[in-house]
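> Residue numbers (our numbering), protein chains in the order written: chain A, 1 to 538; chain B, 1 to 538.
Rather than coming from a laboratory, the hints here were simulated on the basis of the structure. For glycine and all other residues, C-beta sits at the position ideal for the given N, C-alpha and C. There could be a bad hint or two in this list.
[Claimed, not checked] Computed Cβ-Cβ distance ranges for the label pairs, DEER-style:
1) A:E84 / B:D176: 56 to 64 Å
2) A:V85 / B:T27: 32 to 40 Å
3) B:H43 / A:A510: 26 to 34 Å
4) A:G534 / B:K22: 39 to 47 Å
5) A:Q439 / B:Q35: 33 to 41 Å
6) A:Q21 / B:E96: 37 to 45 Å
7) A:L197 / B:E70: 51 to 59 Å
8) B:E121 / A:A511: 48 to 56 Å
9) B:E121 / A:Q195: 34 to 42 Å
10) B:K514 / A:A118: 44 to 52 Å
11) B:E121 / A:L235: 41 to 49 Å
12) A:L197 / B:N135: 21 to 29 Å
[What the hints assert, rightly or not] Some chain A residues flagged as far from chain B (calculated, every beta-carbon gap over 12 Å):
13) G91
14) H113
15) T132
16) N233
[Stated by the list, open to error] Calculated pairs, DMTMM-like style, for lysine to aspartate or glutamate (alpha carbon to alpha carbon, straight line, at most 25 Å):
17) A:K416 / B:E221
18) A:K365 / B:D3
19) A:K327 / A:D515
20) A:K410 / B:E221
21) A:K535 / B:D57
22) B:K535 / A:D25
23) A:K531 / B:E221
24) A:K535 / B:E29
25) B:K365 / B:D3
26) B:K499 / A:E84
27) B:K59 / B:E29
28) A:K244 / A:E66
29) B:K531 / A:E504
30) B:K22 / B:D69
31) B:K513 / A:D460
32) A:K416 / B:D245
33) B:K416 / A:D249
34) B:K410 / A:D198
35) A:K535 / B:D460
36) B:K531 / A:D57
37) A:K499 / A:D249
38) B:K416 / A:D245
39) B:K14 / B:E29
40) A:K499 / B:E29
There are 2 protein chains.
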Amino acid sequence: MTDFHGLTKNASYKKLTALAQKPFDLTREGALNTQRIAAYSCHFNDWQFLYGTQRVDDKILDALQELADESQVIEHFLDMKRGEVINKIDGHESEERMVLHTSARDIWGDPAHPAATAQAETELNKLSDFLTSLNSGDISNENGDNFTDMITIGIGGSDLGPRALYMALSAFRISDRRVHFISNVDPDDAATVLQGLDLSRTLVNVVSKSGSTLETLTNEELVRAAFKQANLNPLRHFIAVTGKDSPMDNPARYLRSFYMFDYIGGRYSATSMVGAVMLGFALGDDALHEILRGAHDIDLAAEQPEIRNNTPLLMAMLGIWNHTFLKHETLAILPYSQALIRFTAHLQQCDMESNGKSIDRQGNKLAWQSGPIIWGEPGTNGQHAFYQLLHQGTTIVPVDFIGFRQNQHKQDIVIKGTTSQEKLLANLLAQSLAMATGQHNNNPNRCFAGNRPNSILLTDRLTPYSMGSLLAIYETKIVMQGFVWNINSFDQEGVQLGKILANEIIAHIAARKKDVNYQGSDDDLGWAMLKETGKLQS
Amino acid sequence: MTDFHGLTKNASYKKLTALAQKPFDLTREGALNTQRIAAYSCHFNDWQFLYGTQRVDDKILDALQELADESQVIEHFLDMKRGEVINKIDGHESEERMVLHTSARDIWGDPAHPAATAQAETELNKLSDFLTSLNSGDISNENGDNFTDMITIGIGGSDLGPRALYMALSAFRISDRRVHFISNVDPDDAATVLQGLDLSRTLVNVVSKSGSTLETLTNEELVRAAFKQANLNPLRHFIAVTGKDSPMDNPARYLRSFYMFDYIGGRYSATSMVGAVMLGFALGDDALHEILRGAHDIDLAAEQPEIRNNTPLLMAMLGIWNHTFLKHETLAILPYSQALIRFTAHLQQCDMESNGKSIDRQGNKLAWQSGPIIWGEPGTNGQHAFYQLLHQGTTIVPVDFIGFRQNQHKQDIVIKGTTSQEKLLANLLAQSLAMATGQHNNNPNRCFAGNRPNSILLTDRLTPYSMGSLLAIYETKIVMQGFVWNINSFDQEGVQLGKILANEIIAHIAARKKDVNYQGSDDDLGWAMLKETGKLQS
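In isolation and in its complexed conformation, chain A is listed as follows (with noise of 0.2 Å):
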């Protein structure tokens, strides 16, 4: 039977408090040294994860072993893949729903949860006949042409993971075929994507599995006036992500639906239908499956409960000693990989969205630190940017490192001696060195403290496959810290004040345009706007 309990009430919590003290000391003579990688260094999957230069030592990780085992998070994971109702606080009203985006790549061998695979299945299956289809010309536009080129229309969930798996795979796009994604309801984020787009061998992928997302449905009329004014048919190019009968799931508006469910967090989506259909579309059905297996792989490698032998769930107990117990707010994922570009903003979806919480599922206000800030950018562009501060700042940033050693479109250049991807490499693994153990210099403002902890994730190259296993490796990371952290690391109730208040201010103005005795300026979009919608006192 499991349980979830306060991270305090374990053992281990005093012991790692008592440890955090007096952190493993990176900048002594020595202590970094070639034994210290080599046992700090864990071949999971196809990533080498290595983590001596992290503030750890054996003891150290015997504690955040003994902490992983008393939170239960293996017992966890395992009920959370085959369905238990993990989306919830106890005692108050909440989702109450199954957690099950595994269940969406899960259709090798026996499924953990055989009804929300089937489900899944189906979808695919769906979505391989409306991809064949595409290639042999059988859907076609107006003039029998194929389409080149979609739109997707998306925000949060329904965005970031799949424009940073498009980004990351567009070294593997079907040639002829591009995609373009549209999600601020800023109208210039719209116009620009429009520009110049040959509509008539256009699809609009429109993404929303409530049908009702405000930026996703402005975004969709203003395309579809688009369309419209190009005396184009919608219905030859509109195709529709959504739930099961919500109000997208209409076959007059919709060349075709592809379904998404509930059990799958809008963070957690990108694997289902939600990026599937898109990237189907991008790379073909054949490197869609190659992601999804990639992230299978790890849904079932991760089951593993040694921390050493388990690299998602080493990096939520190391990003716990970090942020837990040392205090470090913030996590900066740093990958030397220029189609990782978005990658971060994804994960920064991902975790804040998720353990960005005060209360324990219990709902009870938590007496430590969740979730911390996640951001970052491509190496090694951001070292010459903002890597001043991670080495020689007051703040110290604990860092994760992403490297590969082969680039993806094998055209490089040998420059004295060495490619760009060696270069590249290396500078990754001197950022990381440098950072660990810093250096003494008689000129103060050459000196480097060290003991910034950092790790690095390596594997040969950029692939559909890796993508999916990296993907999958963050997301088991995250959940695994909300199992520790005694959170609900799977609804967002943080949302709702602002967007509340932002109907109520969008209702007022929509009716001080039609009122005709209206006394203030239609210009006036300040705070004035507040007090007449009495949000604000005088």
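Put chain B on the given structure of chain A with help from the hints.
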């Protein structure tokens, strides 16, 4: 006579430390009212700055004014513009340079540093001539065609600021002109840009002050190889922005060289030739001058010593209140404009590389927190991503909102009685209000604690002029914070160690590739390499 001295030596420091024990409570019934909003609002240039949602009252603002006065912020700012050597550390080897990014746009009226402005004007005139020749066809490609595309190769300051400005203003592009950026040493970055470009109609703008930046030279070679392969003469296509007499100041290799000067640091160089050449090509000479005029107007207006009438100074002091006194480690910059998608990344560099320091101007270890971590994404997108943590996380994140009353493209759509732009702005206001006041609810998971400090920068429209002024508001804020923290905001010694280590590793890889007796594997680009270089003991 101005002097630099430690933060704690100011009488106001003690006062502020005491006041920080009880910052203004925004959640108290009626605390945030229209009177407060009106009182805590500053009209400056064309920008409205609203800070009623910060945790300050008149007493705290008075103490912040005292701190600004005691720190002689305005005097230092004037000294800087007049060319005092303020990029230095007393008693230690340091850069010993003037700091004159303001001179690059000081071309209206009496310049504060006439010699530097004369140099800026020489380059601006060279650029005007060059742009005229491009327009007239006097400069064209091998076939007499106009150039339609530009690849800008640069990294850090030679990339982030210019790229942010280009993306912000692409609505104002000359039709048929596009700019592409290559920055990362990752070979996939260049490969992606080169895909599908017509090189015969492309200019290549290589930007490096030293003429020796590893990433930039590597990418330049990669692009030159592509031109060679396309049988195009680089001398008709490549231009340079570099220091006078640098290795890149070479008419045998470049069609034109434009100069940058060592008194303008990379991260402050967007309005120098570093940004100007690209922006002039993309937007035209007039729009470029509008950007400069916007920035220059701020440089003048920011001489005002009263914090309540000087937005950059006020933002600096509020930032110090939040970071140094209230101990919030980060600052989220959230523009409600998709066009500003890379502006936060630019500020991340400008701020963190400037103020991520641990020693003061006299070479002593700081006893207070210097620069914060800067991060963020455009709204409303962020609302569907990380705002959960902003509203309900255990870590408090101060926020700068940036908004516009009108859109750029003038394409908008009315849905349910309001435009997208109105919806966008309504969301911004709603978020500001929700973060400040919070809201009680009997369901603990639906409680909002409030007291999340934030402010709003608001103007009519994102144009070349307002983009220039926005850029300078932040540059000035960053510089002024450095004066109060008594740090040198103009060097970046913290990037050296990683660079040196990387170069050693790169040299080692090159050597072992030549070494016929090398026993290891060429593919072994891991930590083993560091052992071989002697960087790690066994």
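> Go ahead and decide if the range 26 to 34 Å is satisfied by the Cβ distance of H43 (chain B) to A510 (chain A).
With Cβ atoms ~28 Å apart, the hint holds.
> Holds or violated: K531 (chain B) and E504 (chain A), Cα atoms, limit 25 Å.
Violated, because 63 Å separates the two Cα atoms, which is more than 25 Å.
> Could you see if the CB distance from L197 (chain A) to N135 (chain B) stays within 21 to 29 Å?
holds (28 Å)
> Within a Cα-Cα threshold of 25 Å, do K499 (chain B) and E84 (chain A) meet the stated pairing?
violated (50 Å)
> Need the status of pair K531 (chain A), E221 (chain B): alpha-carbon distance at most 25 Å?
violated (60 Å)
> Compare the distance between the alpha carbons of K531 (chain B) and D57 (chain A) with 25 Å, and conclude whether the hinted pair is satisfied.
holds (21 Å)
> Starting from the range 41 to 49 Å, see whether the pair E121 (chain B) and L235 (chain A) falls in it by beta-carbon distance.
Violated, at about 59 Å.
> Between K365 (chain A) and D3 (chain B), is the straight-line Cα distance small enough, at 25 Å or below?
violated (48 Å)
> Is K410 (chain B) within 25 Å of D198 (chain A), Cα to Cα?
holds (21 Å)
> Holds or violated: K416 (chain B) and D245 (chain A), Cα atoms, limit 25 Å.
Within the cut-off at roughly 23 Å; holds.
> Mind checking the alpha carbons of K499 (chain A) and E29 (chain B) for me, to see if they're no more than 25 Å apart?
holds (21 Å)
> Within 25 Å, alpha carbon to alpha carbon, are K14 (chain B) and E29 (chain B)?
violated (30 Å)
The structure does not agree with the numbered hints 4, 5, 10, 11, 13, 18, 19, 23, 26, 28, 29, 39 stated previously, though it agrees with the rest.
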